[in-house]
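Using the sequences and the accompanying hints, generate a full structural model.
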Amino acid sequence: MSLFAAAKRRVVLLSVLSIAALALFFGLFFGLNYPEVVRQGWPITRCTVLDSHIDQRFCCQKSCGSVCIGAPFGAPTCSSITSQINNQFNPLQCAANPSSCPATSGACSGGYKCCQQCCDSCQTCSQSCSSTSGGSSSCGTKCSSYSCNCRCCSSTSTLSCTYTCPTCYTDVFTVTYKTYGGQTVNATVRADMGKDNGKATRYLDEHRVGSTSKCFYNPKNLSEVLFDIKFTSWKWAITAIFGMVPLLAIACYFAFICCCAPCIACCRGAKGSFGRGRKPGAAIEADTNGEKNDIAPIGRRSSSGSSRRRRHTTELLTPEKKRMDMPVAHREPDDGEKS
4 MSLFAAAKRR
14 VVLLSVLSIA
24 ALALFFGLFF
34 GLNYPEVVRQ
44 GWPITRCTVL
54 DSHIDQRFCC
64 QKSCGSVCIG
74 APFGAPTCSS
84 ITSQINNQFN
94 PLQCAANPSS
104 CPATSGACSG
114 GYKCCQQCCD
124 SCQTCSQSCS
134 STSGGSSSCG
144 TKCSSYSCNC
154 RCCSSTSTLS
164 CTYTCPTCYT
174 DVFTVTYKTY
184 GGQTVNATVR
194 ADMGKDNGKA
204 TRYLDEHRVG
214 STSKCFYNPK
224 NLSEVLFDIK
234 FTSWKWAITA
244 IFGMVPLLAI
254 ACYFAFICCC
264 APCIACCRGA
274 KGSFGRGRKP
284 GAAIEADTNG
294 EKNDIAPIGR
304 RSSSGSSRRR
314 RHTTELLTPE
324 KKRMDMPVAH
334 REPDDGEKS
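Take my numbering: the final residue in the sequence shown is number 342, and no numbers are missing along the way.
In short, the hints are calculated from the structure, not lab data.
All residues carry an ideal CB built from backbone N, CA and C; glycine is no exception.
Incorrect hints may appear among the rest.
As the list claims (entries may be wrong) - As a list, the in silico SDA-like pairs of lysine to any residue whose alpha-carbon atoms are at most 25 Å apart:
# : residue 1 : residue 2
1 : Lys202    : Ser236
2 : Lys65     : Lys11
3 : Lys238    : Leu35
4 : Lys217    : Gln186
5 : Lys223    : Asp195
6 : Lys116    : Cys71
7 : Lys11     : Lys223
8 : Lys217    : Ser103
What the hints assert, rightly or not - Distance windows between CB atoms, simulated:
#  : residue 1 : residue 2 : range
9  : Ile47     : Thr170    : 29 to 39 Å
10 : Cys151    : Leu95     : 25 to 35 Å
11 : Leu27     : Ser139    : 47 to 57 Å
12 : Gly34     : Asn200    : 23 to 33 Å
13 : Tyr115    : Thr187    : 50 to 60 Å
14 : Leu251    : Ser136    : 46 to 56 Å
15 : Cys125    : Ala23     : 28 to 38 Å
16 : Tyr149    : Phe257    : 26 to 36 Å
17 : Ala258    : Ile57     : 17 to 27 Å
18 : Ser69     : Ala26     : 28 to 38 Å
19 : Arg13     : Pro222    : 47 to 57 Å
In structure tokens form, the structure reads like this:
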């Protein structure tokens, strides 16, 4: 019954892990990679650049240290100050009139955080009994401690954090192209370059106003155009590490349980039955010519085999040995005895 329960728990655990791994894989794939796979089927055409420029924007981010202390009095919340700067202010306008913009870096409140957790120590005990060969039984109690009744014993409602608002850059192109059906479409192409101003400038130089280059358009949404539809390496790396590796680990474990474990059990069973099948007292006997006889248990040898061995041994004795083995009443005296 215990073996069946253990096998049942193993199957349930394997099923739960498989469902979780599949959900994680499909979530990552359809969230990160599937749009790029769909773009590979977009039709190719030629786009002519009508206008281009670089958009600048703030891309604020917060950072909270490991020290659990409260923010300075009057510090704004991190979410409100970063959202305000990102959505309401522009780096070019703030550079022209700094007094009209809030500070692009400073202290902010990260909200509530539990700094330390306190737990009680609880104990659980189990009793187990075992019987000896004499028929008596002995019982023992085993106890183990664990943490329980955990609670936050040190916290702050205004965690001290800092925010910074660097400038991020986006290349914006106005292009015109023709679809396979001959329709002329004007569209906007946007390429986010993050905080790399040099990269944004180089990409703008590659697609100057009046230049024509290949591009790809979405047949279901003609206003969606891209100059490049290559796969993004970091997106596929995330899917491979956090999506495919757990699936492969579960598949290998399942293969071991279904294929390798039964083979190992069979090999152990065969080895045990071989050791138990050999009878005690069996020995390998050798005749006088050095040849091996069949294995036979001691005390169960046939009388015919014994007589044959005795006969064979007698034939190999020398005449002197034969005479010495004869009874004294039937043997003839030798020359020394006659004298």
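Consistency of the hints with the structure:
Between Lys202 and Ser236 the CA atoms are separated by roughly 18 Å; this keeps the pair inside 25 Å, and the hint holds. Between Lys65 and Lys11 the CA atoms are separated by roughly 48 Å; this puts the pair beyond 25 Å, and the hint is violated. Straight-line distance between C-alpha atoms of Lys238 and Leu35 comes to about 6 Å, which keeps the hinted pair within the 25 Å bound. In summary, the hint linking Lys217 to Gln186 is supported, as the alpha carbons are separated by about 17 Å, within the 25 Å threshold.
With a C-alpha separation of about 23 Å, the suggested pairing of Lys223 with Asp195 holds against the 25 Å cut-off. Between Lys116 and Cys71 the CA atoms are separated by roughly 8 Å; this keeps the pair inside 25 Å, and the hint holds. With a C-alpha separation of about 50 Å, the suggested pair Lys11 and Lys223 falls outside the 25 Å cut-off, and the hint is violated. Of the supplied pair hints, the one linking Lys217 and Ser103 is violated, its CA atoms being roughly 43 Å apart against a limit of 25 Å.
Roughly 34 Å separates the CB atoms of Ile47 and Thr170, a value that falls within the hinted 29 to 39 Å. The hinted window of 25 to 35 Å between Cys151 and Leu95 is violated, with their beta carbons roughly 58 Å apart. Checked against the given bound of 47 to 57 Å, the beta carbons of Leu27 and Ser139, roughly 54 Å apart, stay inside it. A beta carbon spacing of about 29 Å between Gly34 and Asn200 agrees with the range 23 to 33 Å that was offered as a hint.
In this structure, Tyr115 and Thr187 meet the distance hint of 50 to 60 Å, their C-beta atoms being roughly 56 Å apart. As the Cβ distance of Leu251 to Ser136 is approximately 49 Å, the hint placing it in 46 to 56 Å holds. For Cys125 and Ala23, the Cβ-Cβ distance of about 29 Å falls inside the hinted range of 28 to 38 Å, so the restraint holds. The hinted window of 26 to 36 Å between Tyr149 and Phe257 holds, with their beta carbons roughly 32 Å apart.
For Ala258 and Ile57, the Cβ-Cβ distance of about 54 Å falls outside the hinted range of 17 to 27 Å, so the restraint is violated. The beta-carbon spacing between Ser69 and Ala26, approximately 32 Å, falls within the hinted interval of 28 to 38 Å. Between Arg13 and Pro222 the CB atoms are about 50 Å apart, so this pair conforms to the stated range of 47 to 57 Å.
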